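A.B. asks: Could you build the full structure based on these sequences and the hints that come with them?
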Amino acid sequence: MAYALQQLINGITLGMIYGLIAVGYTMVYGIIGMINFAHGDVFMIGAFLSLIALSGLASLGITAVPLALAITLVFAAALAALYGWTIERVAYRPLRGSFRLAPLISAIGMSITLQNFAQVSQGARVKPLAPLLPGGLVLSHGEGFAVQLSWMQIAIALTTVLCLGVFTWLVTRTPLGRAMRACEQDLKMASLLGIDINQTIGLTFVIGAALAAVAGLMFLLYYGAIDFYIGFVAGVKAFTAAVLGGIGSLPGAVLGGLLIGLIETFWSAYFSVQYKDVAAFSILAITLVFLPTGLLGRTDVEKV
Amino acid sequence: MSRPLLALAGVNTFYGAVQALKNVDLTVTEGEIVTLIGANGAGKSTLMMTLCGQPRARSGQIVYDGEDITTLPTHLIMRRGIAQAPEGRRIFPRMSVRENLIMGAESAGYRDYDADIARVFALFPRLDERQSQRGGTLSGGEQQMLAIGRALMARPRLLLLDEPSLGLAPLIVRQIFQAIRALNRETGLTVLLVEQNAFQALRLAHRGYVLVNGVITMSGPGAELLARPEIRAAYLEGGH
Ligand SMILES: Nc1ncnc2c1ncn2[C@@H]1O[C@H](COP(=O)(O)OP(=O)(O)OP(=O)(O)O)[C@@H](O)[C@H]1O
Ligand SMILES: [Mg+2]
Chain A
0 MAYALQQLIN
10 GITLGMIYGL
20 IAVGYTMVYG
30 IIGMINFAHG
40 DVFMIGAFLS
50 LIALSGLASL
60 GITAVPLALA
70 ITLVFAAALA
80 ALYGWTIERV
90 AYRPLRGSFR
100 LAPLISAIGM
110 SITLQNFAQV
120 SQGARVKPLA
130 PLLPGGLVLS
140 HGEGFAVQLS
150 WMQIAIALTT
160 VLCLGVFTWL
170 VTRTPLGRAM
180 RACEQDLKMA
190 SLLGIDINQT
200 IGLTFVIGAA
210 LAAVAGLMFL
220 LYYGAIDFYI
230 GFVAGVKAFT
240 AAVLGGIGSL
250 PGAVLGGLLI
260 GLIETFWSAY
270 FSVQYKDVAA
280 FSILAITLVF
290 LPTGLLGRTD
300 VEKV
Chain B
0 MSRPLLALAG
10 VNTFYGAVQA
20 LKNVDLTVTE
30 GEIVTLIGAN
40 GAGKSTLMMT
50 LCGQPRARSG
60 QIVYDGEDIT
70 TLPTHLIMRR
80 GIAQAPEGRR
90 IFPRMSVREN
100 LIMGAESAGY
110 RDYDADIARV
120 FALFPRLDER
130 QSQRGGTLSG
140 GEQQMLAIGR
150 ALMARPRLLL
160 LDEPSLGLAP
170 LIVRQIFQAI
180 RALNRETGLT
190 VLLVEQNAFQ
200 ALRLAHRGYV
210 LVNGVITMSG
220 PGAELLARPE
230 IRAAYLEGGH
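Protein chains in written order, with numbering that gives the first Met the number 0: chain A, 0 to 303; chain B, 0 to 239.
It is worth saying that the hints were derived from the structure and are not from the lab. Wrong hints could be hidden among the right ones.
If you want the footprint, here are the derived chain B segments under chain A, 3+ residues with CB under 8 Å [unchecked claim]:
| id | segment |
| --- | --- |
| 1 | 14-24 |
| 2 | 72-78 |
| 3 | 83-89 |
On the chain A side, residues computed to face chain B include the following (Cβ under 10 Å) [stated by the list, open to error]:
| id | residue |
| --- | --- |
| 4 | A178 |
| 5 | A181 |
| 6 | A189 |
| 7 | G193 |
| 8 | I194 |
| 9 | D226 |
Across the chosen pairs, the derived CB separations fall in these ranges [claimed, not checked]:
| id | chain 1 | residue 1 | chain 2 | residue 2 | range |
| --- | --- | --- | --- | --- | --- |
| 10 | B | R184 | A | L290 | 55 to 63 Å |
| 11 | A | S120 | B | N11 | 47 to 55 Å |
| 12 | B | S131 | A | L66 | 39 to 47 Å |
| 13 | B | R180 | A | V288 | 51 to 59 Å |
| 14 | B | Q195 | A | V288 | 54 to 62 Å |
| 15 | B | V17 | A | R297 | 28 to 36 Å |
Please read these numbers as outputs of a predicted model, since none were measured by experiment. Ideal Cβ positions, reconstructed from N, Cα and C, are used throughout, including at glycine.
C.D. replies: Below is the structure:
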């Protein structure tokens with residue numbers, strides 16, 4: 000029981016990270032109908048930017064953990080947002096309106112470019128980070144097993160909830176969010192109502208990239224090690240989460256992320272760590288076969 | 000007559016290799032109601048969309064309020080005071096009625112938003128009752144009302160209506176035509192109207208154009224076109 004509870008806590012933490020990345024996949028898919036394969040690599044860039052910021056702040060003598068984390072978060076999110084905007088501008092926008100596979104190929108190229116860039120500029124070896132927030136709350140001591148909720152997990156949960164809260168408010172209550180939803184539902188009509196669709200699409204990439212960078216920071220803090228390749232694996236899992244939740248659905252992305260995190264964690268705990276990625280990808284295959292619209296995907300009952 | 004609010008000169012529009020508009024000249028003067036009639040596939044909707052830059056005219060010139068808008072991006076054209084209730088209504092299906100109307104106010108920068116939405120609800124009480132219903136679940140006629148209401152929310156100087164009577168009961172159609180006339184008289188709203196119902200449209204409009212296979216073949220005051228035998232034969236079959 001205690002062991003399972005611990006896995007639940009770990010799984011939710013991991014799932015939140017996947018969920019934050021998945022939101023970016025699903026948003027971009029919703030608005031321009033393409034899978035942004037470079038999104039996982041923006042997450043990786045966000046993790047490296049976080050590492051750079053944290054080491055920079057440490058060398059400046061800023062060691063108060065909450066302050067350092069807050070500065071790092073803003074720094075990484077802002078710079079990753081710039082990456083997101085640039086990627087859309089140079090790799091996707093010029094191809095809009097050309098044949099369907101063109102942006103996809105461009106996205107794969109962009110993904111490889113970002114990985115190589117990180118590998119060359121940061122080195123190929125794993126970069127460690129000393130734990131910033133050691134310790135935590137011990138919840139119970141059943142059967143000689145202590146269930147622990149680490150400070151880091153609490154920080155990750157709070158940050159995720161905060162980011163998703165701000166994001167939800169943005170999408171549902173602001174003119175920008177309305178414009179994004181309008182573009183998602185009918186791009187041409189949105190432009191007929193005076194919406195600058197290029198700008199709206201660009202901002203969608205900006206927001207997705209910022210959330211991915213937050214996820215990158217949390218991944219760095221949680222695992223304490225990153226390399227140029229983390230974007231691929233986490234990216235594919237987050238993409239799986241987006242498909243599982245129903246691609247195009249924002250709550251679906253978060254739900255899918257949590258489920259993938261839980262499945263991966265429980266699988267590793269009870270079956271085999273080596274095959275945890277296989278478990279996640281099997282879910283993707285099964286979902287696509289039996290539930291092509293995902294858990295919260297649209298069934299499209301509307302008259303259009 | 001003052002200078003035209005809208006003037007098309009020699010406009011050609013293509014879909015791939017197929018030419019949908021051929022050398023179209025058309026003017027709309029401020030304060031006028033102008034109607035465009037023609038058979039299915041004549042190019043009426045193409046003309047309305049070409050004005051808005053989607054698709055873009057391959058050649059020719061479109062001047063609005065003295066400015067050449069031929070190559071202006073769509074959103075900037077619309078921000079100059081043109082609104083369109085397009086063919087197929089294009090309601091946002093996963094937004095509420097109210098949100099669809101708010102989207103309409105976007106290009107006007109939400110000026111006088113409250114007064115405008117009250118006016119739309121007065122015109123279409125049906126929408127008032129269904130403010131929070133999702134656009135995609137409205138009936139066809141309700142969607143048409145919403146499409147017109149959304150266009151009015153933009154406070155346009157030039158209103159483009161593509162078959163506003165489609166799918167509506169005769170009583171509602173009469174109401175809409177009355178509303179267009181009232182807006183035109185009271186606020187000087189300029190209207191370019193595409194209609195299947197040529198009889199009602201020509202009676203409402205000051206002037207009309209007839210489009211055949213992408214070519215303007217006739218134009219003139221509504222009453223005059225209405226009197227022509229070839230128009231009666233082609234477009235007023237079984238006319239009232
Ligand atoms: N997206 C498109 N791609 C290719 N051809 C098109 C496209 N849209 C319209 N057309 C063609 O252009 C011509 C004009 O179409 P348009 O929709 O403007 O006609 P319309 O006068 O509005 O007809 P209706 O009364 O049926 O609405 C038609 O032959 C149509 O098949
Ligand atoms: Mg048409």
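A.B. asks: Hint by hint, say whether it matches the structure.
C.D. replies: Hint-by-hint comparison with the structure:
Only residues whose C-beta sits within less than 8 Å of a C-beta in chain A count toward coverage, and the segment 14-24 of chain B has 0 of them, not enough to reach three; the restraint is violated. Coverage of the segment 72-78 of chain B by chain A holds. Counting CB-CB distances below 8 Å, 5 residues qualify, and the rule asks for three or more. Counting residues of the segment 83-89 of chain B whose CB lies closer than 8 Å to any CB of chain A gives 3, which reaches the minimum of 3, so the coverage claim holds. Residue-level restraint check for A178 of chain A holds (minimum Cβ-Cβ distance to chain B is 7 Å; threshold 10 Å).
Taking 10 Å as the C-beta contact cut-off toward chain B, the hint placing A181 of chain A at the interface holds, the least distance being around 6 Å. Taking 10 Å as the C-beta contact cut-off toward chain B, the hint placing A189 of chain A at the interface holds, the least distance being around 8 Å. A distance limit of 10 Å between C-beta atoms decides the matter here; for G193 of chain A the minimum to chain B is near 3 Å, and the interface restraint holds. Look at I194 of chain A: its Cβ gets to within about 6 Å of chain B, closer than 10 Å, so that hint holds up.
Using the Cβ-Cβ criterion of 10 Å, the hint placing D226 of chain A at the interface with chain B is not satisfied: the shortest such distance is roughly 40 Å. Against the hinted window of 55 to 63 Å, the Cβ-Cβ separation of R184 of chain B and L290 of chain A comes to about 56 Å, which satisfies the hint. In this structure the hint that S120 of chain A and N11 of chain B lie 47 to 55 Å apart at CB holds, the actual value being about 52 Å. Between S131 of chain B and L66 of chain A the beta carbons are some 44 Å apart, a value that agrees with the proposed interval 39 to 47 Å.
Between R180 of chain B and V288 of chain A the Cβ separation comes to about 58 Å, which falls inside the hinted range of 51 to 59 Å. Range check, Q195 of chain B to V288 of chain A: about 46 Å between beta-carbon atoms, so the 54 to 62 Å window is missed. Between V17 of chain B and R297 of chain A the CB atoms are about 33 Å apart, so this pair conforms to the stated range of 28 to 36 Å.
Going through the hint list in order, the structure does not satisfy hints 1, 9 and 14.
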